[in-house]
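Chemist: The primary structure of each chain is shown beneath.
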Amino acid sequence: QSVLTQPPSASGTPGQRVTISCSGSSSNIGTNYVYWYHQLPGTAPKLLIYRNNQRPSGVPDRFSGSKSGTSASLAISGLRSEDEADYYCAAWDDSLRGPVFGGGTKLTVL
Amino acid sequence: QVQLVESGGGLVKPGGSLRLSCAASGFTFSDYYMSWIRQAPGKGLEGVSYISTHDMIYDADSVRGRFTISRDNAKNSLYLQMNSLRAEDTAVYYCARVLGAYDAPDYWGQGTLVTVSS
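Chains F and W, in that order, give the protein sequences. Under the numbering used here, read the first sequence as residues 1 to 110, first letter to last. Under the numbering used here, read the second sequence as residues 1 to 118, first letter to last.
In short, the hints are calculated from the structure, not lab data. Heads up, some of the hints might be wrong.
[Said to hold, decoys possible] To give an idea of the chain F side of the interface with chain W (calculated C-beta under 7 Å), a few residues: (1) SER2; (2) TYR35; (3) ALA44; (4) LEU47; (5) TYR88.
[Stated by the list, open to error] Here are the computed lysine-lysine pairs in the DSSO-like style, where the Cα-Cα straight-line distance is at most 27 Å: (6) F:LYS106 <-> W:LYS43; (7) F:LYS106 <-> F:LYS46; (8) W:LYS13 <-> W:LYS43; (9) F:LYS46 <-> W:LYS75; (10) F:LYS46 <-> W:LYS43.
Keep in mind that this is a model prediction, so the values were computed, not measured. Just so you know, even glycine gets a beta-carbon here, dropped at the ideal spot from N, CA and C.
Hey, can you work out the whole structure from these sequences and the hints?
Modeler: Structure representation (structure tokens):
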């Protein structure tokens with residue numbers, strides 16, 4: 001059972017905009033930064049968004065992050081087939097004193 | 001560029017021990033918090049252990065008392081000593097850099113597989 005809650009699946013067609021939600025609590029998302037990763041099968045997670053809405057160099061501006069209260073969202077616009085992957089959110093948790101993760105959302109591009 | 005390379009995984013019997021290592025390069029290792037994250041087959045990510053720049057340590061309840069994280073800044077290396085291993089510890093273990101206090105990981109290694117089975 002993951003500390004952060006994500007929908008297990010999401011889907012969209014090429015060119016569409018999709019959003020993935022991440023719900024937490026006052027001890028994690030409510031007070032700390034949110035991170036987003038994507039993961040292709042057999043590979044390590046790769047950072048997409050850090051500190052709520054910052055994109056590392058090399059990540060396209062089609063990816064954007066937002067946070068409100070104890071929830072956060074990842075938006076992907078102009079969906080492409082190569083966006084098909086698992087997406088995870090993460091945040092530091094003050095009560096557990098460590099980083100916690102969502103259960104992951106499998107994105108399918110139809 | 002930032003590189004994290006794990007080693008030390010393998011097959012071990014229940015109750016056995018393993019020591020994972022992570023060689024870091026491309027950044028000033030001593031300036032960063034570091035962590036071990038694991039992923040059981042077909043499952044999500046789980047934070048295992050975390051160490052600050054001043055050796056403050058956090059361990060997940062599932063490994064507390066069995067796993068020990070440590071770092072050697074002179075060798076730019078992170079370690080995870082795993083004792084009393086259980087079948088449920090079977091996972092890919094990732095070494096990950098943490099951007100700062102109260103942050104989650106930014107860079108990840110490629111992972112090393114630990115299989116606990118008789």
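Chemist: Against each hint, give a clear statement of whether it holds in the structure.
Modeler: Here is what the structure says about each hint:
1. SER2: OK, holds: SER2 of chain F within 7 Å of chain W, min 6 Å.
2. TYR35: Where the cut-off is 7 Å and the nearest Cβ of chain W is about 4 Å from TYR35 of chain F, the hint holds.
3. ALA44: holds, 4 Å
4. LEU47: Since the shortest Cβ distance to chain W is 5 Å, the answer is holds.
5. TYR88: holds, 6 Å
6. F:LYS106 <-> W:LYS43: Holds - the C-alpha atoms of LYS43 of chain W and LYS106 of chain F are around 12 Å apart, at most 27 Å.
7. F:LYS106 <-> F:LYS46: Holds, at about 15 Å.
8. W:LYS13 <-> W:LYS43: Answer holds: LYS13 of chain W to LYS43 of chain W is near 22 Å, not above 27 Å.
9. F:LYS46 <-> W:LYS75: Judged against 27 Å, a Cα distance of about 25 Å means the pair holds.
10. F:LYS46 <-> W:LYS43: holds, 17 Å
When each numbered hint is compared with the structure, no violation occurs for any of them.
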